[in-house]
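*Asks:* One-letter residues, chain by chain:
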Amino acid sequence: MKRQSDSDSLPSAHLADEQIVAFLDREMTPPDLETARVHLDTCNECRTRKTFFEECSDSFLALRKTPLQHDGFVEQAATSRFRERLARHAEKSAAIQTSFGGTWQRVFGDGMAALSRHRRPAFATFVAIALVIATTMTLVGSTASAETILSRAEKFESQHRPDLSHLAQDVLQVEAIDEKTGVGKRAGAIVLIRDSVSPAVYMRSDLHAGSPEEITVSSDLAMGNLARRAFGSTNVMDSPALRYLEAQNSFPDTSVSEFRKLVAGRGNQEPSTKRKGNTVEVHYPFAPSHSSGIREAVLFVNRSDYSPVRLSLFTGAPNAGREYRFTRTDFSVKDRTPQLTQLFHVNDIVVSPASTHSHATGGVPVPLGYANSRAVDVEVAVARALHEANACLGEEIYVFPMSDGSVWVQGLVDKKERREAIVQALSRLIVPVRAEIYTPGEIKSGARLFAAPDALVDGTSSATDKLAPAQVANLSVAQMAYHDELYSYYSMAGKNAEEAEKEVAAFSNELGRLSRWTLLNAWSVKKLEQEFSSARTTELSSQAREIIEKMLQDHIQQVRNSARRQAEMLAPLVKNQEPLGSPGASWSDSETLLHLAEEQNGLVRSLFATSQQSPEKKVALSRLADVLRRLGQ
Amino acid sequence: MQDERTWQLPATLGVDNAQKGCADDTLQEQIVELYQTMRPALLGYVHQFVGSITEAEDIVQTTFLKTFDELKTAKITNMRAWLYRVAHNLAVDQLRRNNAQVTATKEWLFQRDGMRLEPSTEENAIQQQTISNALKSLNDRERGCLTLRAEGLSYAEIAEVLGMSSKAVSVYLVRGLKKVRGDL
Numbered sequence: 117m118k119r120q121s122d123s124d125s126l127p128s129a130h131l132a133d134e135q136i137v138a139f140l141d142r143e144m145t146p147p148d149l150e151t152a153r154v155h156l157d158t159c160n161e162c163r164t165r166k167t168f169f170e171e172c173s174d175s176f177l178a179l180r181k182t183p184l185q186h187d188g189f190v191e192q193a194a195t196s197r198f199r200e201r202l203a204r205h206a207e208k209s210a211a212i213q214t215s216f217g218g219t220w221q222r223v224f225g226d227g228m229a230a231l232s233r234h235r236r237p238a239f240a241t242f243v244a245i246a247l248v249i250a251t252t253m254t255l256v257g258s259t260a261s262a263e264t265i266l267s268r269a270e271k272f273e274s275q276h277r278p279d280l281s282h283l284a285q286d287v288l289q290v291e292a293i294d295e296k297t298g299v300g301k302r303a304g305a306i307v308l309i310r311d312s313v314s315p316a317v318y319m320r321s322d323l324h325a326g327s328p329e330e331i332t333v334s335s336d337l338a339m340g341n342l343a344r345r346a347f348g349s350t351n352v353m354d355s356p357a358l359r360y361l362e363a364q365n366s367f368p369d370t371s372v373s374e375f376r377k378l379v380a381g382r383g384n385q386e387p388s389t390k391r392k393g394n395t396v397e398v399h400y401p402f403a404p405s406h407s408s409g410i411r412e413a414v415l416f417v418n419r420s421d422y423s424p425v426r427l428s429l430f431t432g433a434p435n436a437g438r439e440y441r442f443t444r445t446d447f448s449v450k451d452r453t454p455q456l457t458q459l460f461h462v463n464d465i466v467v468s469p470a471s472t473h474s475h476a477t478g479g480v481p482v483p484l485g486y487a488n489s490r491a492v493d494v495e496v497a498v499a500r501a502l503h504e505a506n507a508c509l510g511e512e513i514y515v516f517p518m519s520d521g522s523v524w525v526q527g528l529v530d531k532k533e534r535r536e537a538i539v540q541a542l543s544r545l546i547v548p549v550r551a552e553i554y555t556p557g558e559i560k561s562g563a564r565l566f567a568a569p570d571a572l573v574d575g576t577s578s579a580t581d582k583l584a585p586a587q588v589a590n591l592s593v594a595q596m597a598y599h600d601e602l603y604s605y606y607s608m609a610g611k612n613a614e615e616a617e618k619e620v621a622a623f624s625n626e627l628g629r630l631s632r633w634t635l636l637n638a639w640s641v642k643k644l645e646q647e648f649s650s651a652r653t654t655e656l657s658s659q660a661r662e663i664i665e666k667m668l669q670d671h672i673q674q675v676r677n678s679a680r681r682q683a684e685m686l687a688p689l690v691k692n693q694e695p696l697g698s699p700g701a702s703w704s705d706s707e708t709l710l711h712l713a714e715e716q717n718g719l720v721r722s723l724f725a726t727s728q729q730s731p732e733k734k735v736a737l738s739r740l741a742d743v744l745r746r747l748g749q
Numbered sequence: 507m508q509d510e511r512t513w514q515l516p517a518t519l520g521v522d523n524a525q526k527g528c529a530d531d532t533l534q535e536q537i538v539e540l541y542q543t544m545r546p547a548l549l550g551y552v553h554q555f556v557g558s559i560t561e562a563e564d565i566v567q568t569t570f571l572k573t574f575d576e577l578k579t580a581k582i583t584n585m586r587a588w589l590y591r592v593a594h595n596l597a598v599d600q601l602r603r604n605n606a607q608v609t610a611t612k613e614w615l616f617q618r619d620g621m622r623l624e625p626s627t628e629e630n631a632i633q634q635q636t637i638s639n640a641l642k643s644l645n646d647r648e649r650g651c652l653t654l655r656a657e658g659l660s661y662a663e664i665a666e667v668l669g670m671s672s673k674a675v676s677v678y679l680v681r682g683l684k685k686v687r688g689d690l
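Top to bottom, those sequences are chains A and B. For the first sequence, the residue numbers in this note's numbering are 117 to 749. For the second sequence, the residue numbers in this note's numbering are 507 to 690.
Treat the hints as calculated values from the structure; they're not laboratory data. The structure presented is a predicted model; accordingly, all values stated were derived computationally and were not measured. Glycine residues also receive a C-beta, built at the ideal position from the N, C-alpha and C atoms. It is possible that part of the hints are untrue.
Each computed EDC-like pair below joins lysine to aspartate or glutamate, with the alpha-carbon atoms no more than 16 Å apart [as the list claims (entries may be wrong)]: (1) B/K684 with A/D174; (2) B/K684 with A/E273; (3) A/K208 with B/E657.
Output of the computed footprint for chain B on chain A, the stretches with three or more beta carbons under 8 Å from beta carbons of chain B [to be verified]: (4) 130 to 141; (5) 165 to 172; (6) 492 to 502.
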């Protein structure tokens, strides 16, 4: 039978695939919809195809189930950042409109509105005009606008930003040049290393007499601080210029972001560009008699790839003033080794506006114990990221509230790949978080770990200590307590000797895996309750509390599921046994939960793993069944 | 195709209202309000293309900046379709720059698996591979149509976002659905 493909007329013939999908999506006119419904009621073939497309649709929806979880406080932070970006954008576009001129703007705006009604001719006209302009510009040798050059330079920087396992190092040569005589004096060099995981910046400067000055600031909110420390006690830079840098919170390196901050307070002077050889110069003149004494700031950008190469600040009168020249002599990307990571231990505290703690004393921020700190929403976001990366299950990864209000993640993992996965999970957070995660080899080579935050409370050991240590047994005389029963069970099921042994081994492995999984999740419940105790969570938002509850419920559900699965596996062995006394009550607190989980793990190891222990089998099995029942409730 | 998953735009902005002549501050507030409403859906949509939450966030914000510019001088008759079209175009541009499609799929699969607490099994690995194959088998237009449909857009809106006719949307949907099912 011919299938109809035109949705405008629906005959009694079979529906086309497109019509069936449109029917499912209610993308038909009401009469067509009704006709299709009537047809589907009476046509088995079309109904079958409708079911097929419904299943297709379900499959796709299941596939694309979004991995992004949305929560209120992260969205609030995003909205706040967007609001700021929009305000800057509006301000900038208002300035551009003002400089463009009201009349021309109206003429141009109305013209564009008219053109937009005739897209194709307008597009052709636009392309033709653009070609003429481009040709003319090439002929006269002029360059793109200052903003365009800066945008291209920013793009270069973003393309060359190191990934999370590397760091970017800049070396700047600082010179002071007398414009009148042209004589320059090399003042020294500055090394800047920017952290790829956190916003921290390390600086080493040899502008001072004596030993080099080293400083690390926690974020780009403190770049003015950095400038003061680099130039403050030297006579390299005039005081008004330095005060201006501090006020603008800008450091005179060659990055576009710092350059933008530098020129933001210059006054309403139009920027310009010049092309000289292989560089494009972006000139930002300052207002006459600017309080900083700066006459002009010029960023030099490589013409071929738009990499920024030099910054010059001109002070004083033209041809009689001074040029401060900051030339980027080296740029390199380095591995983020533990030694380099140590550089980002902040030694210049800048309490951000978001900080709610007042522990900063002007020294190095220190990790706070749970007893000495209140949880903040960021801490919950970090905990959830770790939860989603399964880094909350037995690994020594801790979230540290720090004395300056920041949040650090520190810990130990067995492999670099695992570290990458965790760092990747943390990098998806919108808030910047410092992460120091080491492998055992790195710990041996000198990396330092804080004591766990719960241990910082009162000096007691952390919950990880409660996990049973791995026992090394002499397997030459070892055997599994329930080996024979399991072997008989599988033999009776028709397995030959070899197959039955394999089944016994598989049973043991699976039960061991489940008991370990139960224990890890119970431990995580305990750890979460310690981390987010009622005393610490008083200042948390309701969304953050919901996230904590969700994580707890995740772990509890895992405990229940794995305990029930174990009970199912043990059912054939337990069914003929007498119950051991009256059944125990279900658990009501995380301490009991952890205790029961430890007990089931120990019992499984003693009964179903090869060991030298020889427990009272039947009693132990009854006890295990009871413990699993309580955990599974 | 409107269903309960379809959110409503804020009444203050409206879908069919021109914002021409609106005061700048008021318009900024309206854009922020719109951003708050639409961010989750657009972020999810863009993320499926670019595979990076940071890039997706940036693209979504840029989308609203462009909307702000547009609303100052022009009329947007269907705000939702406009937002998806701008975001889609920005995401495609980004994708071309990064050549990140493979990465996006891998990361998406990684995250999808990462949401599960149970350890990976051979069965999971096989399923991941089949899902990956199914997604790879879709071309850009099929994937775009299916994704936007799942976001709750009507055929007319999908057509506007992807620059094709409603009839073509219908055809791509059928082809895409068959491929998804066929490969699973």
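*Asks:* With reference to the structure, classify each hint as holding or not holding.
*Replies:* Each hint, compared with the structure:
| no. | hint | verdict |
| --- | --- | --- |
| 1 | B/K684 with A/D174 | holds, 12 Å |
| 2 | B/K684 with A/E273 | violated, 43 Å |
| 3 | A/K208 with B/E657 | violated, 34 Å |
| 4 | 130 to 141 | holds (count 5) |
| 5 | 165 to 172 | holds (count 4) |
| 6 | 492 to 502 | violated (count 0) |
Figure legend: structure checked against the earlier numbered hints; hints not met, in rising order: 2, 3, 6.
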